[in-house]
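Undergrad: Spelled out, the chains give:
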Amino acid sequence: MFHAIRPVHFIRTFLDDQKLTMDANRQDYLEAVLATLPECVAIVDRNFQLIDLNKAGLKMIGVEHFDDLPEGAPISLISQPYRDAYRDALKTALSGAKQEKNKPFRIEITAVDGTHHLMDCCLAPLADKNSEINAAVVTCRDVSEWQDALEAAEQSSSILQTILAAVPDAMVVIDEHGLITSFSTAAEKLFGYREAEILGQNVSILMPSPHKEAHDGYLERYLRTGEKHIIGIGRKVEGCKKDGTIFPIKLDVGEAKIGDRCLFTGFIVDLTEQQRTAAELQSLQGDLMHASRLSAVGSLASALAHEINQPLTAIANYLSAARDMMDQGVEGNEAHLHEALRESVSESLRAGNIVRRLREFVAKGEINRQILSIAQLVEDAMTLGLVGAYDKGIVCTTNINPDTNHVFADRVQIQQVMVNLMRNAIEAMEFSAEKKLEISVQSIPDKRVEIAISDTGSGIDPEMADQLFHPFATTKGSGMGLGLSICRTIIEAHEGTINAEPNPLGGTIFRIILLKAAEEKLDVE
Amino acid sequence: MSSDHLVYVVDDDDAVRRSAAFMLRHAGFQVRPVESGVAFLKLAKNAERGCVLLDVRMPEMDGLEVQQEMLKQGIDMPIVILTGHGDVEIAVQAMRAGAINFLEKPYEKEALLAAMEEAFERLDNSNVKEMASAEANVRLACLTGRERDVLDGLMTGYPNKTIAYDLGISPRTVEIYRANMMEKLRVRSLAEALRIGFAAETSDIPVTKPVQR
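First to last, the sequence lines map onto chains A and B.
Add 493 to a position in the first sequence, counting from 1, and you land on the number used in the working numbering.
Add 2 to a position in the second sequence, counting from 1, and you land on the number used in the working numbering.
If you are wondering where the hints come from, they were derived from the structure by calculation, not from laboratory data.
As the structure is a prediction and not an experimental result, all values here were calculated from the model.
Each hint should be verified, as a subset may be incorrect.
[Claimed, not checked] Pairwise CB distance ranges (calculated):
{"#": "1", "chain 1": "A", "residue 1": "F740", "chain 2": "B", "residue 2": "T164", "range": "52 to 60 Å"}
{"#": "2", "chain 1": "B", "residue 1": "R148", "chain 2": "A", "residue 2": "S841", "range": "41 to 49 Å"}
{"#": "3", "chain 1": "B", "residue 1": "P161", "chain 2": "A", "residue 2": "S936", "range": "43 to 51 Å"}
All C-beta atoms, glycine included, are put in the ideal place defined by N, C-alpha and C.
Go ahead and model the full structure; you've got the sequences and the hints to work with.
TA: If you want it as C-alpha cells, here you go:
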C-alpha cells in the first residue's frame, strides 16, 4: 500500500501520525530541505520496499518521478556483491538495535543509464506513533568522485614514488630546519645511507667541512634575507658519503612553499665520473698534441737525419784528416790541424743544436710560458720548419721588425704552430712555379705582434676556408686534419688569434697574433 | 797518392764540401769543390777529367739528375755518390746508372779513399769495362734462391725490413742471407754486389750451369 503514497504525502502523513506540534511552515521547510539536499534520502519499509526517495536520489538513479523507478528498486539497483551488506544493515536498523555512529557502509548502485555510483550509506530506524519501528531512513552520499580522486591521488603518489626510485639523479628534500624529509633511491645509492636511517637528520651530514658546519647558517640567512645563493642557480660542490668519501657533485636546489612552510629539494649529480672523463679528455688532447708533434717529426725525420748527417760528415772528414796529419808529424801542419779541430767543434755544435731543437719539439712538456724573444722563436722554428725546403728550391725570406721584441709564450708550442705552418706552406708550393716563403714579424696596435707566414702555393679552396681550423678538415691525401685545429687551440691558449687569407701574390698568408710581453715581466727576466 | 788525381766535390752544404776537400787534399788529391750540380755541369764539359764525389740531395738539381745529364752530355767521369741515411733506393738507382760506388754520410775516410781508388782505376784505364754479364751470371749462380731473392730486393732499392716483409721472413734472417750472399760473391760492399747484379741483368741468357768456385 505504501507504493501508492506520494513521497511528500507520506512524510506529511507520517509526521501527522507522530502528532507532533508542527506548523505548516515547518513542514514546507522540511520538504524543501529534502528536495534540495545533495544527498540521497530514501525511506524503506520492513519488506525492504522503497517508500520514498528525494530528488537527489531520483536524479542519481536517473529517473524523473518516483513511479518511473525500475521494478524491484532499490535492491535491484544495488550491485550483487553489496546486497547482503545492505540487507544486513537494514535488518539491524529495523530491529531497533543501536547503530554505531559514523559507521557508514558502502554499496554500489547502477543507475538506469548503466553508470555505477559508489554510495556511502547510513541507516536510521523510523518509529511510528506507537514507537514501533516499521521503516528506516537511508541517507546515501555518492562517493564515486571521491573514490576516483582518491585512486588518482594514490596513483600519482605511486607514480611519484616510482619516479623517485627511478630518477638517476639523487634527490634529497629538507625542511626549513635542514632536516631531511625525503631521500630518493638514487640518493641512497650515492651517499650510502638508507632513507630510514637518515630521515629527520640534518642534511649537513651529507657535506664535508666547512659547509657541514655552516649549512644551518646558510638556511637561516636565506630564510631571513631571501638572498638566493644556490636556489635556482646550481653549484659544483662536494658531498660526503656515509663512509666518509668526499666526492664532487653538482647541486641544484629548488624551493617549495607549502603554506608558511618551506621545503627545499636538492638534486644531486655525481661528478666523479664526469671529472674523470674530463681529465681523461684533457690527457687525450695532450696525447694528441704530442702525437701530432711526433707525426710531424716522423715526416721530418728523414730530412732531419740528413740534416744531422751533414755536420757529422764534416766532423769525420776534418778529424780523419787531422789524424793523418798527426801520423805525418804535427810540425808545419799546426795551422791546418787547428783549422780541422776548430771546424770539428763548430760542426759538433751545429749537430747538437739540431738534436736539441728536435728533442724540445718532441718533448711532451707542460705548458711553460716564458718571456721569449720573438726573433729567436721564429729562428728556432725555421730550423725545423725549413728542413728540406732549400732542396725543394724554396726561397725563404724573413723580415723581423726590431721593435717586436718579446712575447710571453710556450716556446715549444708556438714553435710547433710555426713549424706546422711552414711545412704546410712548403707542401702547398710543391707544384708552384714560384716558391717564395716569407716570414715577417711586426708590431701592431694594442701591444700585439703579428707573425705572418706567406707562401706562393696553391692557396686555400674557398670551400675549405670556413672550416680551415676545424678538427679533421683536410685537403691532404694523407692528413688527419688536426694540424691547424691544434694550432688554433695553442694560439687561443695564448690569448692570441690565428687566421688565413689569400696572398695577393697567389697562395696563402697565415697570420698569428700574440700579445707582447709586458715590460715589468721583462724586468723579472 | 799521385797529385794529378783530381776530385770534384759536388755538395751544396758548405761544411761537408769544405771538410771533404780538406781531407782529400791531405790525402794527396787535387780537389775542386763545386757548390751545386748545375755549376758542375757548366764547368765539367771543358774541364780536366777527374772523379766526382756527388751529393744526392741538392736543390735545383739532385745528384741523380746530374748523373743523367752527364751521361747525356757525354761527360765520362766516374761517380761516387754520397747519400744521406736511408737513401738506399737512390743509391741503387745511381749504381744502376753506372756509379762506381755509393757512401752513406757520414762515411769513414778509408771507405771514401777505397771508393776513390776504385774510381781512379776506372778513369786511368778507360778500357776496363764493366764486368761481363756472363761472368756476373756465373758468380751469381752460386747463390741459393733466398740469397738471390735478397739481392734482387736490394737491387730494387728496398731496405732489409721491406725485403723481409715481401719474402715473409724476419729482418734478422734477411741480414743473414745478405751476409752469406756477399760472402759467396766475395765482395766487401753492397755496391760491389749490386754491380755484379746489374752486370748480370744486361744479359738475357739464363743461368743453366751453376758453377762453384
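Undergrad: Could you check the structure against the hints above and give me the numbers of any it violates, in ascending order?
TA: When the structure is compared with the hints, none of them turns out to be violated.
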